[in-house]
Structures are given as C-alpha cells and as structure tokens.
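Protein chains: 2
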Amino acid sequence: MNPIILEKEDILNLLDFDEIIGVIEKSFVDFSTGKALMPTPQDIILEEFKGETHVKSAYVKGSKYYCIKIASGFYDNPKIGLNSSQGMMILIEAKTGLPKCILLEEGQLTDFRTAAAGAVAAKYLANKGSEKVLVVGTGIQAKLQVEFLLRIMPIKILFVWGRSEEKAKDYCKHLQTKSPALEIKIVKNMNEARNLAIDIIVTATPSRKPLVPKNVVEKGVHLNAIGADMPGKHELDANILSAAKVITDSTAQCSKSGELQHALSAGVMKVNDVHGELGEVISNNKKGRDDPEEITVFDSTGLGVQDLAIARYVFDKYCEVNKEN
Amino acid sequence: MNPIILEKEDILNLLDFDEIIGVIEKSFVDFSTGKALMPTPQDIILEEFKGETHVKSAYVKGSKYYCIKIASGFYDNPKIGLNSSQGMMILIEAKTGLPKCILLEEGQLTDFRTAAAGAVAAKYLANKGSEKVLVVGTGIQAKLQVEFLLRIMPIKILFVWGRSEEKAKDYCKHLQTKSPALEIKIVKNMNEARNLAIDIIVTATPSRKPLVPKNVVEKGVHLNAIGADMPGKHELDANILSAAKVITDSTAQCSKSGELQHALSAGVMKVNDVHGELGEVISNNKKGRDDPEEITVFDSTGLGVQDLAIARYVFDKYCEVNKEN
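Sequences listed follow chains A and B, in order. Every letter in the first sequence is one number past the one before it in the numbering used here, and letter 216, counting from 1, is 216. Every letter in the second sequence is one number past the one before it in the numbering used here, and letter 234, counting from 1, is 234.
Here chain A stands alone, though its shape is the one from the complex:
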C-alpha cells in the first residue's frame, strides 16, 4: 500500500496551535527519559548553489512510527521567487518499515514545532502572568514564536527589534492583524530595550555574534534562545547564561550548536552548570523556575523527536478526519 501524500495546504488546514504545543511538550519528555533514538544527522552541502540539506531521523520506543525529515536551506532561492526552506517529513511504520505518510511541508512543520517549543519552555520557566515580551528578529520564526506564546501567556505589550526597520514594521503589521489587542512597539536598539520591565525575551535570528547584552536582562526575565542551532550561531552575551538558570532541549546538542557552545568556549560555564533539560523539568525530575526574580534561559537547538511528534500529530489528525488508519 502506497503512503499517503499530504501537500502543504492539506497540512496547514489540519493544524491547531494549542494541540501542537501539547504534542511538543510530550516529545521533550520522551527525549529526556531516554526513549528516543536519534542517529547523527546526514548533511549534504552543495556549495555551488548556497544550498544545504540535512536528514534528521527520530524514533521513540513504543511509537507506531519513526520519522525521517529532509530539511533544506537554499539561500539564493528568494532571488527566483522560491522559499529558501524546502523539504519533507516521512513517517514510516516501526514494525515493518513501510512508509505510511509523506508530508510535503516545505520546512513549515519545523517552523511550527520550533515555535511550539518556545511556548512550552515559557510555560514552565517564565513567570506566570508574563505580560511584556521583547522579540529580537523579524522573520517567520520571530512571528511564530510570539503567536505560540500568546496561547499560553497573557501578553499585553510586545517590543520588536530587527536589523531592518522596514522588516520590523512589516512584522508589527503581521502581528497586529493576528492579535489586534496587542500593543506593539519597535525598539531601535538594545539601549532602548533597557528598563522596560520585560518578562520574556525571544531571540530568533541567524546571527553569528551576540545581539542581546546583559544589561537588557532584568531580574525575573525568561529568555527563549531560538536562533542558535548550529556551530557559530550566537545571539546572547555569554554572561547572560552564566548568571541564569540554563535549561536546554538537549544539553549534548546545545554544547555544540546552541548558545551554550559560546558560554562553554568563553569559559564562563561548564556543562555541569546547566540546570537540566526541558523534558526533565516537564516531567518534574528537575525544578523549573523557583524564584520570581531568577533569570532563566531556554537554549533551543531542535530535536528529531519534535519532528516525529508533529508529523505523527498531522497524520493522526488526517486519519481521524478521513477515518483511515
């Protein structure tokens, strides 16, 4: 029997943000309880086309399926009117190896699962009733991070910083449409972001040098560090991490690819200084925030189990709607 092919539109029509947050939350627990199998990613680098493809796979013991994700970034694509993100997820039956569903998601499910991870982290680590958010970055992930955050926090004011003022304005327009009640303000530089009583800072840029200085981070702030997901990427001053309770998605992965890599190489932290992994906090094996004044950082690099969880969610939902199994 051939696999079911889901096109991007089919997939987008099935998604419910609150449900996604739920399945991603559970996936972190699967990972941190050691039930996940995630082989080393395969990288295909096509330098002549500024392109790269990463194959990431994941299986969780007891799961009906495993997932192979093909995720590409081809950075000249926008010049010819194409998205730089491309790719698909493939769900395969664990018992037989039969491909059951091919999700032609063009990188969108990765965007959603990454944004949902930020919401899950804030749920466990930010102060309850957080109202003021600073978002650093104006791209698709910076948008989705806030859209997901709005589901779990009573955000009232959003401060936005972007390298390009034009893009920052577009960003504001987009978010205002999504959330008319939200008060949105552009901050021109990080100095303007000081002393604003911000509760949550979200960074979601491809930066390779720190954008957020330590003096912007007031007491009690939670930071979602989303952008740094490969060696060299860097958004936060390393001293923010050393002064904070640091929670990772995967400490092993963050040591190489997350913000943590820079805190380690700068010598301001050791791996043992990491408080724990998000899955451990969710499953109550590690404490989350235990003081309204402490600073917390969630270092996100992205896990194969999140891909498996969201692909499975979409396929299950498709089957439910279409009464297949």
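Hints may contain errors.
For chains that are exact copies, the list does not tell them apart, and a pair is met inside one copy or across any two.
Stated by the list, open to error - Think about it this way: if two alpha-carbon atoms lie no more than 20 Å apart in a straight line, the pair counts; the simulated EDC-like pairs of lysine to aspartate or glutamate are: (1) Lys156 x Asp229; (2) Lys100 x Glu9; (3) Lys256 x Glu7; (4) Lys100 x Glu7; (5) Lys79 x Glu93; (6) Lys95 x Glu47; (7) Lys132 x Asp291; (8) Lys95 x Asp76; (9) Lys214 x Glu192; (10) Lys219 x Glu192; (11) Lys35 x Glu47; (12) Lys188 x Glu165; (13) Lys100 x Asp10; (14) Lys61 x Glu48; (15) Lys156 x Glu218; (16) Lys209 x Glu25; (17) Lys156 x Glu131; (18) Lys185 x Glu47; (19) Lys35 x Glu52; (20) Lys100 x Glu52; (21) Lys64 x Glu47; (22) Lys50 x Glu293.
No lab work stands behind these hints: they were computed from the structure. Given the structure is predicted, the values throughout are model-derived calculations rather than measurements.
Given chain A, work out where chain B should sit, using these hints.
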C-alpha cells in the same frame, strides 16, 4: 510545485535493462573521477522489530539533481506477507532543493542497479564470449544478476547452487521462463562445481562465511562478488582475492564492507594490491583484463551514485513519456 510521485508499477513499466546498464556504467566513471559527493550514510536500527533503515545520498557535480535513498530491511516482514525490502528514492533539484520526484520503488531500483553493476563489471573484466556461469545464491539478486548478464554475454549454461534445494529449483524455473534457450543445472555442493570450465562466477547471498573455495576458481574466471556489502558479510575464500586482479566499486568502501575486508584482515592482501576501481577501468585509466587466463574479481558494495543514476534515468524517462520537464 509538488514533486511527481511514481509508484512501483509506474517505475517497473518504464525500465529497460539495456538502458540501465548504460546509466550505471556512466555512474562508475562519475564516482572514480571524483565528481561525486556521497555523505556518510545514516543508519536507523530498530532491533525490537529486526528492522534497519539506511539513508544514502549522492550528488554528482554538474548533475541537475541529487538523490536521497531510504532503504529498509525488515526481516520479519515475510511472516506477515510483506517484502523485507522497503523504501524510496527522492530526486531533489540541485539548484533549489526542491523535491522533483519521489520514487516509491520499495527497494527494487537498488536491486536493478546492483544487478546492472554486475553486468558492467563482466563487460570489462570477463573473457569475451563467456558461456558458462555459476551463480551462488537463489534470491532476487541472484536472479537479476543473471538476467542482466544475459544482456551482454552469450551465456549458454548456468550452474546454480543454493542452500535450499527447493529454492534452487524455483530459481531454475524462474530463469528458464525468462530465458528458454538457457541450459540450467543445479550443483549440490561446491565440489560438484569443480572442473566445469566456468567463465563467470556470481555470488549473491547474505553469507557471513566463505562459500566459494579457491579450487572452484579455474584459470580465466571472472567473479562478481555481490553479496558482501557490510562488515561481516563474506562469500569468497580470501585466497581467491589475493591470487586475482581485484577491481572494486569503491576501494575505500570495500575495505570496510566488501570481500576485500576479509582479505585485508587475513593479511593476504594490502589495499595497494587492489588493481583499481571499476570506474577507472571503464574510463581507460586502468587496464581491465589483459590476459585470458588471469582471474578477476569485482568487489561490489553499492554506491550512492548508482542510486542517483537509476533514479534520474527513471524520472527522465517518465518526463519523456509524459512530455514534462
């Protein structure tokens, strides 16, 4: 634009064995001239289900596409009426990362490209006019090896050995239907295979200990060693290799996964004793057979470029038939 999905039946209807031999021949040259990019395969091992999935990718500089192959073996599948081989190939546009074609081939194209490699090797290494073949093994690959060989050699007599006599009989029936003029005989053991003036020996089993002793290999024989394609697999007495001109598909890969691994670990050969790679012989950078009495061995482990070549061939043919591009 979504990729074209080709189901197994569509694919099988497009194939022409002679054309496949041609594209596989060319792929070996691409590999040996260093134009190929083949990242380390990704392995997903599901021990609880006796299942394994390997992700193999390949790109050839200048090619319009690259290929990602998902190839699975789930060895309990036959118990529930399913093939143990499962999987697909995905052709992706090199310039943009856009998936162009998903070939739901369930491992069949791997079978065909592997069999075609045997024919190409025999074309360059066996004596012209070879008439007598001994095939060791009775599975799908043992069948296809002979079917492809028949395209390039005037085979008259086929000797078959298999562990199970019943399967050997089924094998004969299958080949007789495909090639009514062929004389087919079962040999009960390797002793019976001696002094039969055999020209070509093909081994295509999953054996982990040598099946072919040196005394079966007469002067002038060419051997296609197909079965050994991972550490531990083993079909030929290592002394056959040390007495022969050894040509590999990839010397680096055969050193770890082919017959060569055993000749090296037994100390009867060094890597430098390998005569060359098949691509070097095809492109005339290394001599093939230059004496009718010499013994030649082709050590086949399977290359990603062969997957790319056959997937590309099928997709091009589909486009030609359907006037797409």
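Structure-based check of each hint:
{"no.": "1", "hint": "Lys156 x Asp229", "in the structure": "neither (29 Å within a copy, 61 Å between copies)"}
{"no.": "2", "hint": "Lys100 x Glu9", "in the structure": "both (19 Å within a copy, 18 Å between copies)"}
{"no.": "3", "hint": "Lys256 x Glu7", "in the structure": "neither (34 Å within a copy, 41 Å between copies)"}
{"no.": "4", "hint": "Lys100 x Glu7", "in the structure": "both (14 Å within a copy, 14 Å between copies)"}
{"no.": "5", "hint": "Lys79 x Glu93", "in the structure": "between (39 Å within a copy, 16 Å between copies)"}
{"no.": "6", "hint": "Lys95 x Glu47", "in the structure": "between (38 Å within a copy, 10 Å between copies)"}
{"no.": "7", "hint": "Lys132 x Asp291", "in the structure": "within (18 Å within a copy, 83 Å between copies)"}
{"no.": "8", "hint": "Lys95 x Asp76", "in the structure": "between (40 Å within a copy, 9 Å between copies)"}
{"no.": "9", "hint": "Lys214 x Glu192", "in the structure": "within (13 Å within a copy, 82 Å between copies)"}
{"no.": "10", "hint": "Lys219 x Glu192", "in the structure": "within (17 Å within a copy, 85 Å between copies)"}
{"no.": "11", "hint": "Lys35 x Glu47", "in the structure": "between (36 Å within a copy, 14 Å between copies)"}
{"no.": "12", "hint": "Lys188 x Glu165", "in the structure": "within (8 Å within a copy, 81 Å between copies)"}
{"no.": "13", "hint": "Lys100 x Asp10", "in the structure": "both (16 Å within a copy, 19 Å between copies)"}
{"no.": "14", "hint": "Lys61 x Glu48", "in the structure": "between (40 Å within a copy, 9 Å between copies)"}
{"no.": "15", "hint": "Lys156 x Glu218", "in the structure": "within (18 Å within a copy, 86 Å between copies)"}
{"no.": "16", "hint": "Lys209 x Glu25", "in the structure": "neither (30 Å within a copy, 49 Å between copies)"}
{"no.": "17", "hint": "Lys156 x Glu131", "in the structure": "within (5 Å within a copy, 84 Å between copies)"}
{"no.": "18", "hint": "Lys185 x Glu47", "in the structure": "neither (39 Å within a copy, 54 Å between copies)"}
{"no.": "19", "hint": "Lys35 x Glu52", "in the structure": "between (29 Å within a copy, 18 Å between copies)"}
{"no.": "20", "hint": "Lys100 x Glu52", "in the structure": "between (26 Å within a copy, 16 Å between copies)"}
{"no.": "21", "hint": "Lys64 x Glu47", "in the structure": "between (37 Å within a copy, 14 Å between copies)"}
{"no.": "22", "hint": "Lys50 x Glu293", "in the structure": "neither (44 Å within a copy, 52 Å between copies)"}
Of the numbered hints listed earlier, those contradicted by the structure are 1, 3, 16, 18, 22.
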